[in-house]
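Q: These protein sequences, in sequence, are chains D and W.
The C-terminal position of the first sequence is numbered 534 in my numbering, with every residue numbered one higher than the one before it.
The C-terminal position of the second sequence is numbered 896 in my numbering, with every residue numbered one higher than the one before it.
Do not take every clue at face value.
Claimed, not checked - Heads up, incomplete: computed chain W residues facing chain D, CB under 10 Å, no partners named:
#	residue
1	G746
2	I782
3	Y794
4	E802
5	L824
6	R825
7	D844
8	L846
9	E868
No wet-lab data here; the hints were simulated from the structure.
Where is the CB? At the ideal position from N, CA and C, for every residue including glycine.
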Amino acid sequence: MTKAVESWNRFWFTPEAPHTLAAIRVLTGGLLLYSHAVWGLDLAGFFGPQGRIPLDFIDLFHADPAAWSMLRGWESVGAIWTFHLIGFVLFGSLFVGCFTRIAAVLSFLWEVSYVHRGAAALFGFDQILVMLTMYLMVGDSGGAYSVDAWRRRPERFPRPERSTSTNLAIRLIQVHMCIVYFFAATGKLRGDSWWEGTAVWLSLANYEYQSVDVTFLGNWPLIINAMTHVTLFWELAYGALIWPRWSRPWMLALAIPVHGGIAVCLGMITFGTVMLVGNLAFVPAATMCRWVAAIWPGKVLNRGDGSGD
Amino acid sequence: MPYLRGTAQDNGYRFFAPDPGPSHLIRYELVTENGVTRTGQIPDREVHRPRLLYHRHFMIAEMLFTLSAQAMEPPEPGIPAAALRELEMEKEMATRLARGVARDLLRRNPDVVTVRLFSQTHLIPSPEEMRQGAGLRDPAGFPPPAPLGEFSRQSK
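Just chain D, with the same shape it has in the complex (with noise of 0.2 Å):
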C-alpha cells in the first residue's frame, strides 16, 4: 500500500522543469491566434445578428446553462468584435508568455465562450484545444520560452525552475490525452469499417474532406486494410503503450503519419496539429530542450537543459 502512495504522488507531483509545457503554451497560443484569425474573416456572419449561428439555435442546442458563453446576449456587431479584439490580445499573450498566468485563465474562459457560442462549426480540432488551454492554467507554462521567463533579469536569469504543478499539468494532459483515444478507439469500433479494414477508403474518398488525392491506394485493398487496422490498434493501445520507455518512442512516432495524414490528406491541418501537440506532453522537459536548441541554438531561450539541476 505504501508503494502505491509512493509512485502515486511520484507520478503526479514530483517537481519537473517547464520546458515541454512551455513548448505546448507557444503551440497552443499560436493554433488559438489561428482559429481566432479565422473566426474574425467572417464575425458577423457567424455570430452576428443575422449570422449563420443565430442566438436562438445556441439557446435551444445549449438549454443547460453550465454551457455558458460570454458572447451568448450580445447581438451587436460592435460589441461582438470588441470582444474579439480582447481575444487577440489574450491568446496572444499566451502566446508570447506575457503574463503568462493571468493570460492562461482568461485564453481558457474566451475559448470556452467561443466553442459554446460556435456550437454548430465545430470540430475535433475545438475539443482538443480547449482541453489543452484549460490545463495550461495548472502549470508554470511561462517558466520557459517567455516573456515572462525573459523580464527576470537576464543577467541574473536563473534556471527554468521546477515545480509540482508543471508536473501536475504535464500530467493531467497525458491523461487525457489517453482518455480521448480510448474514446475515439471505442466509437470506431462500433463502426463496420474499422473492422472490416475500409474506414480508411471512406476517409481519403471523401471529396469534401480531400485535400491531396490518394485514392491511387485504393488499386491496394491490402494496404487500405492495413492504414484502417492500424490506425484502430494504435489508438486502443495508446493507453497502455504510451506509458512504458520501450514502446512509447514507437507510439509518438505512430502518431506523425496518423495525424499527419489527416493533416496534409483530408484537409485538417489544424485538427492533426493540435493532436500533435497533446503528444508532445510525453516529451520529457530535458528532451524537448534538446530540440529547441537544435532549432534555435542561443543562451536566452536555452537557459536550463530541462533537467532542472
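Using the hints, position chain W against chain D.
A: Frame of chain D, contents of chain W only:
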C-alpha cells in the same frame, strides 16, 4: 455533468466514428426580385478559404443534416413522450439553424428576395467503382437533395 459542460470537456471524441460516412452539403437557390435564380453550395472550397474557414462552413452543413435528418423521419408509433419531445426539439433546432443560414445569405445578397435551402448528401464511391472509371464528383454520387425550407426577406 455541469462541470464537464461548463469547461467544454463534454466531448465524446468520436473522430470518424462509428464509421466515416458520406459528407453533407447545403445547396441553396437565391431568387432575385427579377425572378433570376442563382445557386451555390456550402461549403464551397473556391469561396471559403483558408481551409479552417471552409471546415467551419462544412461543419454547419453537417450539423444541419444531422438535425434535419432525424426530424424528417415520421416518428415511430408508440414512441415515448420524452423521445417525441426530443424529436420536436431537433426539428426546431434544424429550423432555427436553417433560418440562420438563410438570413446570412439574404444579408450577403441584397437583391435576393427568397432563399431555398437543400441538404445534399455526397456518396463515396468504392475502390471497385473508381477502378471502373467512377470519379469522386460523378453525378451518380449526389442523390436528390432534401429540402430544408424556403425563407423570404419579409419573413426572416
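Q: At a threshold of 10 Å, is the proposed contact between W/E802 and chain D supported by beta-carbon distances?
A: With a closest approach of 9 Å, the W/E802 hint holds.
Q: Would the hint on W/Y794 be counted as holding, given a Cβ-Cβ threshold of 10 Å to chain D?
A: holds (8 Å)
Q: Under 10 Å, Cβ to Cβ, is where W/I782 needs to be relative to chain D, so tell me if that hint holds or is violated.
A: holds (9 Å)
Q: Taking 10 Å as the limit, does the beta-carbon of W/G746 come near enough to a beta-carbon in chain D?
A: holds (5 Å)
Q: Have a go at the W/E868 hint: is there a Cβ in chain D nearer than 10 Å to its own Cβ?
A: Since chain D brings a Cβ to about 8 Å from W/E868, closer than 10 Å, the hint holds.
Q: Report holds or violated for the interface hint on W/R825, using the least CB-CB distance to chain D and a cut-off of 10 Å.
A: violated (12 Å)
Q: Tell me if W/L824 is really an interface residue toward chain D, meaning its C-beta lies closer than 10 Å to one of theirs.
A: violated (16 Å)
Q: Holds or violated: W/D844 as interface residue toward chain D, Cβ cutoff 10 Å?
A: Where the cut-off is 10 Å and the nearest Cβ of chain D is about 5 Å from W/D844, the hint holds.
Q: Minimum Cβ distance from W/L846 to chain D below 10 Å?
A: Nearest chain D Cβ about 7 Å off; hint holds.
Hints 5 and 6 from the earlier list are contradicted by this structure; the remaining hints agree with it.
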